[in-house]
Amino acid sequence: MAKKLGAGKVFGTVGSAEKMKCGASFDYDELFLRSDFKKQILQATEQKGVHTVFDPVGGDMREQSLEVLRPFGQLIVVGNASGKEDVPFSSNQLWMSNKSVSGFALGSYAQTAPQIVGKAAKEALQMLARKEIHAEIFGVFSLDEVIDAHVLLEGKNTVGKLLLRINNE
Numbered sequence: 001m002a003k004k005l006g007a008g009k010v011f012g013t014v015g016s017a018e019k020m021k022c023g024a025s026f027d028y029d030e031l032f033l034r035s036d037f038k039k040q041i042l043q044a045t046e047q048k049g050v051h052t053v054f055d056p057v058g059g060d061m062r063e064q065s066l067e068v069l070r071p072f073g074q075l076i077v078v079g080n081a082s083g084k085e086d087v088p089f090s091s092n093q094l095w096m097s098n099k100s101v102s103g104f105a106l107g108s109y110a111q112t113a114p115q116i117v118g119k120a121a122k123e124a125l126q127m128l129a130r131k132e133i134h135a136e137i138f139g140v141f142s143l144d145e146v147i148d149a150h151v152l153l154e155g156k157n158t159v160g161k162l163l164l165r166i167n168n169e
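Following the UniProt record's numbering, the numbering of the sequence shown begins with 1 at its first residue and continues without gaps.
Quick caveat, the hints were computed from the structure, so don't treat them as lab data. One thing to keep in mind: the hints can contain errors.
As the list claims (entries may be wrong) - When the alpha-carbon atoms are kept at most 30 Å apart in a straight line, the in silico DSBU-like pairs for lysine-lysine are as follows:
(1) Lys-4 - Lys-156
(2) Lys-84 - Lys-39
(3) Lys-19 - Lys-161
(4) Lys-161 - Lys-3
(5) Lys-3 - Lys-38
(6) Lys-48 - Lys-4
(7) Lys-3 - Lys-19
(8) Lys-122 - Lys-3
(9) Lys-119 - Lys-48
(10) Lys-21 - Lys-4
(11) Lys-84 - Lys-131
(12) Lys-131 - Lys-99
(13) Lys-161 - Lys-21
(14) Lys-131 - Lys-9
(15) Lys-4 - Lys-131
(16) Lys-4 - Lys-19
(17) Lys-131 - Lys-39
(18) Lys-21 - Lys-3
(19) Lys-119 - Lys-4
(20) Lys-19 - Lys-39
(21) Lys-161 - Lys-119
(22) Lys-3 - Lys-119
(23) Lys-161 - Lys-122
(24) Lys-122 - Lys-156
(25) Lys-9 - Lys-156
(26) Lys-161 - Lys-9
(27) Lys-38 - Lys-122
(28) Lys-9 - Lys-84
(29) Lys-38 - Lys-119
(30) Lys-21 - Lys-84
(31) Lys-122 - Lys-4
(32) Lys-48 - Lys-38
(33) Lys-38 - Lys-4
(34) Lys-4 - Lys-99
To be verified - Ranges of calculated distance between the beta carbons of each label pair, as one might list FRET restraints:
(35) Glu-145 - Thr-112: 29 to 39 Å
(36) Ser-91 - Val-140: 21 to 31 Å
(37) Gly-79 - Val-151: 15 to 25 Å
(38) Gln-111 - Lys-9: 27 to 37 Å
(39) Arg-165 - Gly-79: 19 to 29 Å
As the structure is a computational prediction, the values presented were derived from the model and not from experiment. Think of the CB as a built atom: it goes at the ideal place given N, C-alpha and C, for glycine as much as any other residue.
Produce the complete structure using the sequences and hints provided.
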């Protein structure tokens, strides 16, 4: 989606070798294992770093993400899938490196700006329908199977998205 919205090079990361195949199905310029993230990003950018990092993982990835930003780069925190403790940032560290950190939580933003989120969701779904982007679907579950789906998510045993079917059609 980033490319469709005008981004230049787009790098992706995955947490395991088993997820490389799924990750490769997206339009990344390069795809890296998280374990080598910092080294590989700096190598791919000739040590210059990147403009923006979207971090849904947290923990060590958040620290490394800040380190791979170029001056005036922005780290956007969008989750903490690792479940690890938050990584503190010194405002002096940010100031002296000319970098910034911000957060984005879709759920709370949808509460404060439902029209904007609704419009963006509609555009994203239209892009999916036109096959301009795709989402890897791991499985479709009925509401009766929601506990099973959640167990898979908690165990990090999925590759792609889980869908809940809310009707029988």
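Broken hints, numbered, in rising order? Of the numbered hints given earlier, those the structure breaks are 9, 11, 12, 17, 27, 29 and 36, listed in rising order.
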